[in-house]
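K.L.:
Line order of the protein sequences matches chains A and B.
Whatever position you read off the first sequence (first residue = 1), add 147 for this note's numbering.
Under this note's numbering, the second sequence has 41 at position 42, and the numbering climbs by one with no breaks.
Just so you know, the hints here were simulated from the structure itself, not pulled from any lab data.
Being a predicted model, the structure only gives us computed values, none of them experimental.
It is possible that part of the hints are untrue.
Stated by the list, open to error - Short derived list, chain A residues pointing at chain B, Cβ under 8 angstroms:
no.: 1; residue: Leu-158
no.: 2; residue: Asp-159
no.: 3; residue: Leu-165
no.: 4; residue: Ala-166
no.: 5; residue: Ile-236
no.: 6; residue: Glu-244
no.: 7; residue: Ser-246
no.: 8; residue: Tyr-247
no.: 9; residue: Leu-250
no.: 10; residue: Val-253
no.: 11; residue: Leu-254
no.: 12; residue: Leu-257
no.: 13; residue: Thr-258
no.: 14; residue: Gln-259
As the list claims (entries may be wrong) - Per the computed footprint, the stretches of chain B lying under chain A, defined by three or more beta-carbons under 8 angstroms from a beta-carbon of chain A, are:
no.: 15; region: 4–11
no.: 16; region: 20–29
no.: 17; region: 33–41
no.: 18; region: 122–133
Think of the CB as a built atom: it goes at the ideal place given N, C-alpha and C, for glycine as much as any other residue.
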Amino acid sequence: MTDDDPRGTRLDQAFTALADPVRRAIVARLSRGPATVNELAELFPITKQAVSRHVQVLEHAGLITRTRDGQRRPCHLDPAALEELTSWIDGLRLATERSYRRLDAVLASLTQEES
Amino acid sequence: MTNPTTVTAEPGVPFIDIVRDFDAPPELVFRAFTDRDLVAQWIGPRALEMTVDHYDARTGGSYAYTHRDPAGGEYGFHGTFHSIEPDLVVQTFEFDGYPGHVSLESARFEPLDGGRTRVTTHAVYQSVEDRDGMVASGMETGLTEGYERLDELLPTLAASSAR
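Just chain A, with the same shape it has in the complex (with noise of 0.2 angstroms):
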């Protein structure tokens, strides 16, 4: 909940990064291997330029990266950012099943009293 909280922060650019759909397509695109900027912007009906602010998006919020491979600058999608978001979703998940989990043991006493 802090400001400087800097996974939190991560998260959060993280996850307005992907609030684009374009940008969760190139993320999409990533997740089966790398490509440059050129080759993401044949599969978008936007100007290369748009493709490449997107692309500096992704990699702020750490979610690509660019490496050198001679003229090449290919992205790459970085597995641990992901999987950040994905334990997000899964300590939500958790927690929401330990809280139900106690209710299902209120549920199973209410049931007995009941019969």
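For chain A, the structure is supplied; the task is to place chain B on it using the hints.
P.N.:
Same frame as chain A, but now just chain B:
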């Protein structure tokens, strides 16, 4: 085997949807969601340290409760009940430590075959940032509880594999 809990939180929309089946009829699930003493037994991350200030589950009523962690930290929550129907509870939810960021939560109880109930909850936050902030702040707790659960589970697994 417990029933699986499905949590959906799509990027870009301020909603969280949770679906879970329970081995009890809707009337009992309704009681467990609206009776003060029963709610105190299961809601929130740490049932043992929960104190309910009030829990007036009727249309227009309100509630407030506090969780205390072993280190003495207090986390208060409050809200109002917008509608209470036999198959539906709609309430607001606000963390005292994050005032003004109110979510609207509905829980629907749907009868299933064999006297069972499907509970579908839908939470609407004021923004995606609110949703992510609220849930990310609870994440550490969730993960800790995951390990606690693992601790509980491991002896059972050990016992069953020894057989």
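K.L.:
Quick one: which hint numbers does this structure break? Sort them smallest to largest.
P.N.:
Of the numbered hints given earlier, the structure breaks just one, which is hint 14.
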